[in-house]
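A.B. asks: Residue numbers (the working numbering), protein chains in the order written: chain A, 1144 to 1778; chain B, 6 to 163.
None of these hints come from the bench; they were simulated from the model.
Below, a list of computed lysine-lysine pairs in the DSSO-like style, where the Cα atoms sit at most 27 Å apart: (1) A:K1715 - B:K156; (2) A:K1655 - A:K1708; (3) B:K156 - A:K1718; (4) B:K65 - A:K1478; (5) B:K107 - A:K1759; (6) A:K1252 - B:K156; (7) A:K1478 - B:K58; (8) A:K1709 - B:K101; (9) A:K1708 - A:K1759; (10) B:K101 - A:K1710; (11) A:K1771 - B:K156.
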Amino acid sequence: MKKLSVEDLEAIRKAAESDLLLREKSNSLLSGESSGLSIGTDHMQLLVCGGTGCKASSSAAIVGNLHKAIEKHGISGKVDVITTGCFGFCEKGPIIKVIPDNTFYVQVKPDDAEEIIESHILKGQRIERLLYKEPETQKSISDSKHMNFYRKQKRVALRNCGFIDPENINEYIARNGYLPLSKCLFEKNPQDVIEEIKKSGLRGRGGGGFPTGMKWELTAKQKSDIKYVVCNADEGDPGAFMDRSIMEGDPHSIVEAMTICGYAVGANHGLVYIRAEYPLAIHRLQVAIRQAEEYGLLGNDILGSGFDFHISIRYGAGAFVCGEETALIHSMEGKRGEPTIKPPYPAEAGYMGKPTNVNNVETFANVPVILEKGAEWFSQIGTERSKGTKVFALAGKINNVGLIEVPMGTTLREVIYEIGGGIKNGKKFKAVQTGGPSGGCLTEKHLDTPIDFDNLLAAGSMMGSGGMIVMDEDDCMVSVARFYLDFTVEESCGKCTPCRIGNKRLLETLNKITEGKGTMEDLETLETLGKIIKDTALCGLGQTSPNPVLSTLENFRDEYIAHVKKKECPAKQCKALLTYAINPTKCIGCHMCAKHCPAEAIIGTTRKPHVIIAEKCIRCGMCVSRCKFDAIVIC
Amino acid sequence: MAELKLACNIVKQVEEICEKYNNDQGELINILHEAQHLQGYLPEEMQRLIASKLNIPVSKVYGVVTFYTFFTMTPKGRHPISVCMGTACYVRGSEKLLEEFKRRLGIDVGETTPDGKFSLDCLRCVGACGLAPVVMIGEKVYGRLQAADIKNILDELE
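This is chain A alone, in the form it adopts within the complex:
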């Protein structure tokens, strides 16, 4: 295929634009009348979410069935089925959006495909039962713009996710893709590009929050024959899936941003270090790289500018510590992913000992749009010291699980209660965990804190990569701290003593407490040891690993004390501290619990109240889930 020139790129953009116009127009529609082929619409599009979450609930089968139904009705030329990236509203997946009337169908099943074609596409009749219902009012809402989940969001890094077909480079170009790259190559010198990024105030989205422009400048200043640009796509925080969704939904933005970065810092080689657990993201990235190469937007002499840039993919193999940049570099070199002391920073001596600029996926996703719309536009969004937006993976005990993007400075309350729709099953909010295993738990008193890098740090947590796990009154904070420590102990590379042994001791102490064997001195040990680990560990993993313990100790000390002094778990989670019993006034003797008890710990004759033998009970909770009369009490 012929390599493109700047004019060719513009021609492709113009040609593809009309395809996307329908989608863009319907996005700005205020109140969508439904449309159908028989009532005057001549072309319709069905956008089906093809992210990992929706794929897990068979969105691929939905696409197959839609195609079948379209063929059956002989309307092949008039309806397009487009698999897009993640829409974000994972709780309600799989999602289908109908264009041009912008109808947003939720929890669609493969069997619904036929009806969507027959009723909606042909006759223009919306399918009521597939519409989203606002939980408070039970009113159906057909259009995503009017849903609380979307209303407060601002999509910058996710601008193309759920909108374009990620495997079609033309659609990316139609959204002004690769235009910023072409502007950089022909109208800006590398220093200008770096200045623009510095001016925008963009800070690293991987967790640290280091100013991106400054990082680029450090690498640019190094004199070396070879330099590298690395995209850190080793998203290891359990419960966070921002980077994966960007790579699945908008892979070209990463390819373009890495190329721009290469031009700015003087590198001709790019490497993406990606988790092997993300097969779909890997596939989409491979497709994007191949397409960009075919178009001459990647490779030698890009757009005839004389600038060469190549990207290859390296796979992670399941090690959380590899998210740390020095560990990541060792892993890319085929070694154990153990971190090393900085300096030297990767900007000075990184991959193969050469200057290397490492940025995270979401950071890169912001780059093209900053260069397209200007640093000023970007720096208007957000707070004084944290510019732009942040993508969060909102999960846990919350009604609207999903991927959200909000301007920096949005409060936790807005995120949890407005976008997230509040706590599941009407329970009481207890804490929100941000920053994953390196972060901490924030409580009720932090709900009105505007979210940005510095505020979260001051509140004893951190931004981290963007995992946000909501917990309710049933979650035991000691167990949560233990859960994270368990993770850190497993993931510690073992190189430095504070992390390898210190965290192990923290975990043992937490285990003691959850088993009801803790003492008040143990709480002091946790605090002193935690602080020592923070001060002395070698890398970011160790230095932040005690955070979950320290922050829960500070905010939920009473709960720790209850475990120690009263030998009680207030949230009724710590098995060793629980007793299961049957309330004889409620038990009707249906024998259901006894039948399903794996330990044969329940005895009793039919129609007479049953009894649990405490010595035999393994506290698995099976009886609770089987009893229809709420007769099992946990104390």
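Fit chain B to the supplied structure of chain A, relying on the hints for placement.
C.D. replies: Just chain B now, with coordinates in the frame of chain A:
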């Protein structure tokens, strides 16, 4: 070097993988990924073979294999079960699912049943947090599971 116990065709395939990457030491992780794909695990003999092809000590290959959780030295079951222990699944009760799998199968995490039918592992986040708690069996994702569902799922798998 110890005598190889690998099947001839496997030896050949492993050698081809190494050669595809020019026997480059820097490609060790990519090579191990592909080699593991052949039989689902990396037996000692295979690691020895790779070490000799790349001209590095076996200890280095072993060091890498044991460092990364993705690599395994024990064969997986016909139905590899992975319980998601990401935070979102954890707070929605995945620990109870894990307990139930352990109890029903009589094996611990990282083990395979004697008949080779099931193996049990934990993983950290498949990214389907909307469906939490999630279990993956083979390629299939089971969402919104409860401990009480597990018996039926295991019974259905041949």
